[in-house]
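Undergrad: Okay, here's what each chain looks like letter by letter:
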Amino acid sequence: MFLRSLSLLNFRNHHVVSLNFSSRFIIITGNNGTGKTNLLDAIHYLSMGKSYFHLRDESVVREGEDAFWISGTTDCDGRSDEIKVSFVKGNTEIKPKKNIFKNGKALRVLSELMGTFPVVMVCPQDMEIIAGGSDYRRQFVNEMVSHVSREYLEALIGYRKILLQRNQYLKSISGTSPADPHLLEAYDKQLESYASELFRFRESWLQDFSVLFKECYRFFSPLDESPSMKWKFSATPGNFYEKLQHSLVADQWKGYTSVGPHKDDLAFYLNGKPLKPVASQGQQKSFLLALKMAKHLYLLQKTGKVPPLLLDDIYDKLDELRFRRFMEWLNEHTRAQVFITDTLFERMKILNDRLGLNADFVNTNNGVIFYSGDVVTAG
Amino acid sequence: MENIIDDCIEMFASLPGVGKKTASRYVIHLLKNNKKELIRMYEVLGNAISKIRECPVCHAIIGLDDCPYCNQHRCSKGTLCLVQDFRDLIAMENTGKYFGTYHILGGLISPVDGIGPNDLNLVTLEKRLNAGVFHELIFALGTTRESETTQFFLHRKFQDLVQKFSTLPKGIAHGIGLEFTDELTLGSAIENRVPL
Ligand SMILES: [Zn+2]
Chain A
1 MFLRSLSLLN FRNHHVVSLN FSSRFIIITG NNGTGKTNLL DAIHYLSMGK
51 SYFHLRDESV VREGEDAFWI SGTTDCDGRS DEIKVSFVKG NTEIKPKKNI
101 FKNGKALRVL SELMGTFPVV MVCPQDMEII AGGSDYRRQF VNEMVSHVSR
151 EYLEALIGYR KILLQRNQYL KSISGTSPAD PHLLEAYDKQ LESYASELFR
201 FRESWLQDFS VLFKECYRFF SPLDESPSMK WKFSATPGNF YEKLQHSLVA
251 DQWKGYTSVG PHKDDLAFYL NGKPLKPVAS QGQQKSFLLA LKMAKHLYLL
301 QKTGKVPPLL LDDIYDKLDE LRFRRFMEWL NEHTRAQVFI TDTLFERMKI
351 LNDRLGLNAD FVNTNNGVIF YSGDVVTAG
Chain B
1 MENIIDDCIE MFASLPGVGK KTASRYVIHL LKNNKKELIR MYEVLGNAIS
51 KIRECPVCHA IIGLDDCPYC NQHRCSKGTL CLVQDFRDLI AMENTGKYFG
101 TYHILGGLIS PVDGIGPNDL NLVTLEKRLN AGVFHELIFA LGTTRESETT
151 QFFLHRKFQD LVQKFSTLPK GIAHGIGLEF TDELTLGSAI ENRVPL
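Those sequence lines, one after another, are chains A and B. Going by this note's numbering, the first sequence opens with residue 1, and the numbers climb by one from there. Going by this note's numbering, the second sequence opens with residue 1, and the numbers climb by one from there.
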């Protein structure tokens with residue numbers, strides 16, 4: 001699956017951008033702050049309808065403007081889709097409004113976009129998946145499973161909405177009156193039903209994913225290293241309801257629900273020991289790259305589409321060996337379209353020539369300028 | 001003078017779906033038109049205020065006469081249909097398939113929107129159910145998450161007061177209130193209600 005064109009209006013620092021891509025590799029170079037990452041985030045918007053970096057829609061509108069607009073044409077084995085995302089800021093008269101269109105038709109809910117254009121982003125912030133809180137790991141999984149199952153995304157949205165209601169209810173009565181047992185039971189039953197669906201999906205995801213992941217890790221590491229991962233479920237369908245009752249007194253005091261799928265964590269291991277304390281920086285990077293590669297393969301397996309990879313500034317963050325192995329995997333073991341950003345044109349030019357990538361080049365130093373692969377001579 | 005116009009604009013802007021811009025257009029239009037239209041509105045609305053009231057039993061909006069939805073004939077059917085608001089009552093009436101009585105809840109439980117159980121018309125509901133004249137309580141609250149919560153809550157709360165509970169089948173598009181359902185769909189839904 002390829003992104004054939006990308007157009008932007010008032011997205012982050014970009015005013016008007018219109019690009020067409022013909023090569024499998026697109027190398028975007030430019031100084032820091034010229035908007036390389038923003039181009040990748042715009043592509044992510046076409047995939048998920050939102051920013052990869054948790055930016056609010058309001059905050060990605062170019063300064064001084066009221067709206068942004070992103071449009072892209074994808075090509076999957078000759079079948080072409082046009083995706084558009086537009087957003088208009090609200091004011092005293094109107095509410096903020098985001099619209100997503102697929103082939104000219106406005107989508108009713110976000111879940112209708114899922115699976116249309118799956119992508120895999122790899123960026124420096126991703127180290128949080130290994131080093132950060134459990135929410136980074138849940139997001140990593142949620143994004144992936146949402147692309148392959150609309151039911152999963154709908155259960156996730158439903159679960160979050162009921163959780164919000166339950167928490168708000170607990171807050172509203174906190175200290176003033178005991179919780180109404182019938183209303184609490186209503187919320188707990190609704191949560192239980194969504195939670196058991198999420199549990200089921202998360203378990204079966206892990207079975208498929210860990211096989212792919214182990215294969216990918218082999219690309220970087222000697223055979224005696226054995227990586228693995230395991231869910232640490234906050235509760236199972238069998239004991240969730242009971243656990244909710246147990247934590248009720250504390251939850252009521254905090255105005256917050258302390259058990260459930262929103263507390264699940266995915267634990268990583270190397271040779272049977274927790275990854276973070278035992279693994280070197282290099283091993284952690286291998287682990288992270290393998291997670292991303294496996295995500296690519298998982299999406300391919302489940303959607304039948306080859307997801308493009310968006311590589312933000314990874315040359316600086318990886319050592320020579322890992323970078324070379326990763327590029328080799330991309331080039332020789334996948335058919336994926338690859339977007340690469342970097343600050344230095346020269347070294348990307350060398351990389352392009354050495355690996356014979358035949359890349360398209362984009363430069364962001366003076367506005368966004370496109371160079372076709374064969375006419376590139378200088379930065 | 002300026003304050004009076006501002007007050008008028010504020011008043012129109014408080015209507016659902018009307019923003020400040022539209023409200024100012026209304027006010028300017030009404031003030032320009034020789035005040036004739038304004039006086040007519042004043043009369044019609046004034047008349048409405050003095051002749052319209054809420055039924056103290058079912059909370060429907062009615063005239064000065066007895067409530068048409070609470071009469072002897074309807075009560076004798078023994079069914080009570082729970083709806084969110086008066087618009088849903090009208091939608092149900094328009095199907096021509098339901099002949100029992102109603103009770104308007106006045107909202108759905110949604111703490112996020114500041115609506116708790118105490119904000120619904122439950123005191124009058126409990127009183128009616130306690131009287132023992134109803135053998136079936138029908139939930140016609142739509143299929144949003146808030147209606148599911150409210151339905152589950154009321155089902156538990158009143159399970160000892162009513163013999164039979166039923167709800168409209170899920171045929172109604174998910175996440176849409178009764179108001180937006182067409183008459184034929186809603187009519188067949190009330191006829192094919194499912195026991196809880
Ligand atoms: Zn009445």
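Please keep in mind that the hints were generated in silico from the structure rather than gathered at the bench. Quantities reported herein were computed from a predicted structural model and do not represent experimental measurements. Cβ atoms here follow ideal geometry from the backbone N, Cα and C, with glycine treated the same way. Take these hints with a grain of salt, some might be off.
[Claimed, not checked] In silico lysine to any residue, SDA-like type, Cα no more than 25 Å apart, as pairs:
1. B:Lys170 - A:Val109
2. A:Lys263 - A:Ile157
3. B:Lys170 - A:Lys263
[To be verified] For each label pair, taking beta carbons as the anchor points, the in silico distance ranges come out as:
4. A:His182 - B:Lys32: 49 to 57 Å
5. B:Leu45 - A:Phe53: 30 to 38 Å
6. A:Gly132 - B:Ile61: 51 to 59 Å
7. B:Ile52 - A:Lys102: 45 to 53 Å
Undergrad: Hint by hint, note whether the structure agrees.
TA: Right, here's what the structure says about each hint:
Restraint check for B:Lys170 and A:Val109: the C-alpha separation of about 19 Å stays at or below 25 Å, so the hint holds. At roughly 15 Å between alpha-carbon atoms, A:Lys263 and A:Ile157 fall within 25 Å of each other, so this suggested pair holds. At most 25 Å may separate the alpha-carbon atoms for a hinted pair to count; B:Lys170 and A:Lys263 exceed this at roughly 31 Å. For the pair A:His182 and B:Lys32, the beta carbons lie near 55 Å from each other, so the given range of 49 to 57 Å is met.
The hinted window of 30 to 38 Å between B:Leu45 and A:Phe53 is violated, with their beta carbons roughly 52 Å apart. The given range of 51 to 59 Å is respected by A:Gly132 and B:Ile61, whose C-beta atoms sit roughly 55 Å from each other. Between B:Ile52 and A:Lys102 the C-beta distance comes to about 47 Å, which sits within the given range of 45 to 53 Å.
When each numbered hint is compared with the structure, violations occur for hints 3 and 5.
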